[in-house]
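Hey, can you work out the whole structure from these sequences and the hints?
Residue numbers (this note's numbering), protein chains in the order written: chain B, 1 to 442; chain Y, 1 to 203.
Worth flagging that the hints you see were computed from the coordinates, not collected in a lab. This structure is a prediction, so every number in the text was calculated from the model and none was measured. Treat the hints with care, as some may be off.
If you only want the chain Y side, here are some residues facing chain B, beta carbon under 8 Å, derived [claimed, not checked]:
| # | residue |
| --- | --- |
| 1 | A19 |
| 2 | P47 |
| 3 | L50 |
| 4 | L51 |
| 5 | T54 |
| 6 | A55 |
| 7 | T58 |
| 8 | Q131 |
| 9 | A139 |
| 10 | A143 |
All C-beta atoms in this analysis are idealised placements derived from N, C-alpha and C, irrespective of residue type, glycine included.
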Amino acid sequence: VTRALRIDLRRSSAAGIGLLLLALGLTVLLLMVDAEWYAGRWTMMAVHERSMLDLLWPLTLAAGAWQVGRDRRGRVGELFSSTSRPAWQRVASPALALVLTVSVAFLLLVAAGLTRVLPTASYFNPSAVGVAAVGLVALVAAALLGMAVGRLLPSPFTAPALAVAGFGVMIGPTLRNPLAERTGPAWEALTPALSPTSSDFLMVPGRVNAIQGIWLLALAVTGYLLLASVGRRQRIVAVLPVVLGAAIVIPMLPHGEWYQVSYVPDAGAQALACADGTPRVCVRQVHASLLPEVVGPARQALQRLSGLPEAPTSAVEQLDVDDPLAIAPLQPSTVGFSIWVDDSGRLGEPEYLDVELHDVGAGTDCPDDYPRGRAARRTAGFLLSGRPPVTGYGAEVDTLVADGHRAVSALPAGELRQRLSATRTALLACTGDPYAILTGAK
Amino acid sequence: MTGLALHLRARRVPAALLAATASTATLWALWTANSDTPLISPLLAAPAILLAVTALSTTLGAADEELERTGAGRWWLRRSVHLAVALAVATGLLLITGVSDARFGPAGLVLRNAAGLLGLCALGAAAIGWQKAWVAPLAWTLATIVLDMAGQGDRLPALAWLVQPAGSRIAALVAAVLAVGGGAAYALRGCPGRTSCDPSVGA
Chain B
1 VTRALRIDLR RSSAAGIGLL LLALGLTVLL LMVDAEWYAG RWTMMAVHER
51 SMLDLLWPLT LAAGAWQVGR DRRGRVGELF SSTSRPAWQR VASPALALVL
101 TVSVAFLLLV AAGLTRVLPT ASYFNPSAVG VAAVGLVALV AAALLGMAVG
151 RLLPSPFTAP ALAVAGFGVM IGPTLRNPLA ERTGPAWEAL TPALSPTSSD
201 FLMVPGRVNA IQGIWLLALA VTGYLLLASV GRRQRIVAVL PVVLGAAIVI
251 PMLPHGEWYQ VSYVPDAGAQ ALACADGTPR VCVRQVHASL LPEVVGPARQ
301 ALQRLSGLPE APTSAVEQLD VDDPLAIAPL QPSTVGFSIW VDDSGRLGEP
351 EYLDVELHDV GAGTDCPDDY PRGRAARRTA GFLLSGRPPV TGYGAEVDTL
401 VADGHRAVSA LPAGELRQRL SATRTALLAC TGDPYAILTG AK
Chain Y
1 MTGLALHLRA RRVPAALLAA TASTATLWAL WTANSDTPLI SPLLAAPAIL
51 LAVTALSTTL GAADEELERT GAGRWWLRRS VHLAVALAVA TGLLLITGVS
101 DARFGPAGLV LRNAAGLLGL CALGAAAIGW QKAWVAPLAW TLATIVLDMA
151 GQGDRLPALA WLVQPAGSRI AALVAAVLAV GGGAAYALRG CPGRTSCDPS
201 VGA
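So this is what it looks like as structure tokens:
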């Protein structure tokens, strides 16, 4: 088999298919996946690799169907079936060749992602490896299943039609349709799909990886058995692994929206990593490598805020607000901030961080005070940090901030100090109109 | 008439027509069953056009090109007419859904996408053989849909020409370049000779 495999690797379309997948994957990685979404973070890298399967999985199905059509196109099927080897041995070499090249292509894509992760990663969760491994099994299953379908339905039209069908199966549940509503999370769970999250503080639970991994492995085994099957009895046997896989996996399915159950809070990523010395400055473990870049601006901000009533004494990175976790409201003694990572895994958007660090409120909006409460906090942030206002907080807030900053920046220092103190008191108590207090504008 | 019948049979036209009709009908039925909107979304129209065009692309080559070429005749003209008819068939197949409640359209968009994708098929057929002509259109179409669903379709209009609105100039330009370039390459060169059918060359 080794000799046959070597010939297949050299002469069949397997190598070309691997190269094509690699090229397409790299294009997607460069064009559609922003490196700042995953730089320095293992889990985010793995889930973005998985999101590329939307494209690569159906194409691998087509590649399998194409690869198996070789004997038919060469009109040598009858000749080969006359050799004194069982069918499962004869298909082993082309199947293994395709599985190998497809796997290498995917692993190289993961390696390309790792070049952005390894230099600055500060937190590793083994679940990320599981996420990537499921992607690998998914591509192997697609290659074998594609070959099986190509063998059962021999036609020049099989490969493209199978790819479109596979693509439909993958993206179907994300489109609104009655079937997706009826199947609940099952449909999405039983495809290699995994929608990327935008939060750095979540992980894919082992159960989700196990469900998709077992199911896709069963698909792969069935694909190979179908490919090697001769006669109706063997075909029925070939379907058994998929039935068995479904029987194992379907009772394991969690209830609820697939997107929500496929992520759970990652306590390790959320753990605090604090800088030595005082005042206390902490980031989350997943961003620990950015701590040195944050400490300086954070301590400077704490010092500038120190004259205000109930002045904060520490700065702590907050979890994303649209996180499924309930987020405890901040104490006045703590300044909350969030971190953006840039495409090389360093601290991104330092001006936004600086303004957040100079928040005179308690980090969160008071009930019903949007946009004026938010605008008051941002305006004060720009005044205290000495930075000119930048936009990006939403049109309403941006306008208020620009107007307020212009109105207040000409005030004498003493008057400004007084207004900032009054604004903080109002924001902490959630009373009055903090924007009017700060800027004098009704 | 015999010549035409022989040509159509040599190019496996009946099977291709059947496949194109079946795929169009399947996607049309999927939309009808799942949506009340009469105009089928461009996201479903793109794979429908792709399948119709790739089905017809299986008629671009003969079982043995070199044998056929020994026949005297203006092959470039015959190939051009073949392509033009294939385009008309693909466009017609999709637009005929206009008589039902769910229709592919508008006509300009269907024609543009069919012409561009068929041109890409023709280019593939001329370069690597009709059997593999589906590779580039398939990869491009799927990539476009993924790009568009990620909300980045408008950032790269030349790449995502398939899902641009009917009036888009840049999309029309890309489609025209593909149609004319691919059509010309195929009309002048035809499919490559031996590789398509000689067992000794492998896959």
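Could you check if Y/T58 really has its C-beta closer than 8 Å to a C-beta on chain B? The hint holds - Y/T58 has a Cβ within 8 Å of chain B, the shortest such distance being about 5 Å.
Return the status of the interface hint for Y/P47: holds when the least beta-carbon distance to chain B is below 8 Å, violated otherwise. Result: holds, 5 Å to nearest chain B Cβ.
Given Y/A143 as an interface hint, is the shortest Cβ-Cβ distance to chain B below 8 Å? holds (6 Å)
Would you check whether Y/A55 satisfies its interface hint, that is, whether its CB is within less than 8 Å of any CB in chain B? holds (5 Å)
Quick check on Y/L50 please, does its C-beta sit within 8 Å of some C-beta on chain B? holds (7 Å)
Hinted contact Y/A19 with chain B - closest CB pair below 8 Å: holds (5 Å)
Y/L51 was flagged as interface toward chain B. Is the shortest Cβ-Cβ separation under 8 Å? holds (6 Å)
Does Y/A139 hold up as a contact with chain B if the rule is Cβ-Cβ below 8 Å? holds (6 Å)
Chain B contact restraint for Y/Q131 - C-beta distance below 8 Å: holds (6 Å)
Cut-off 8 Å, beta-carbon criterion: hint that Y/T54 touches chain B: holds (4 Å)
Consistency note: the structure conflicts with none of the earlier hints.
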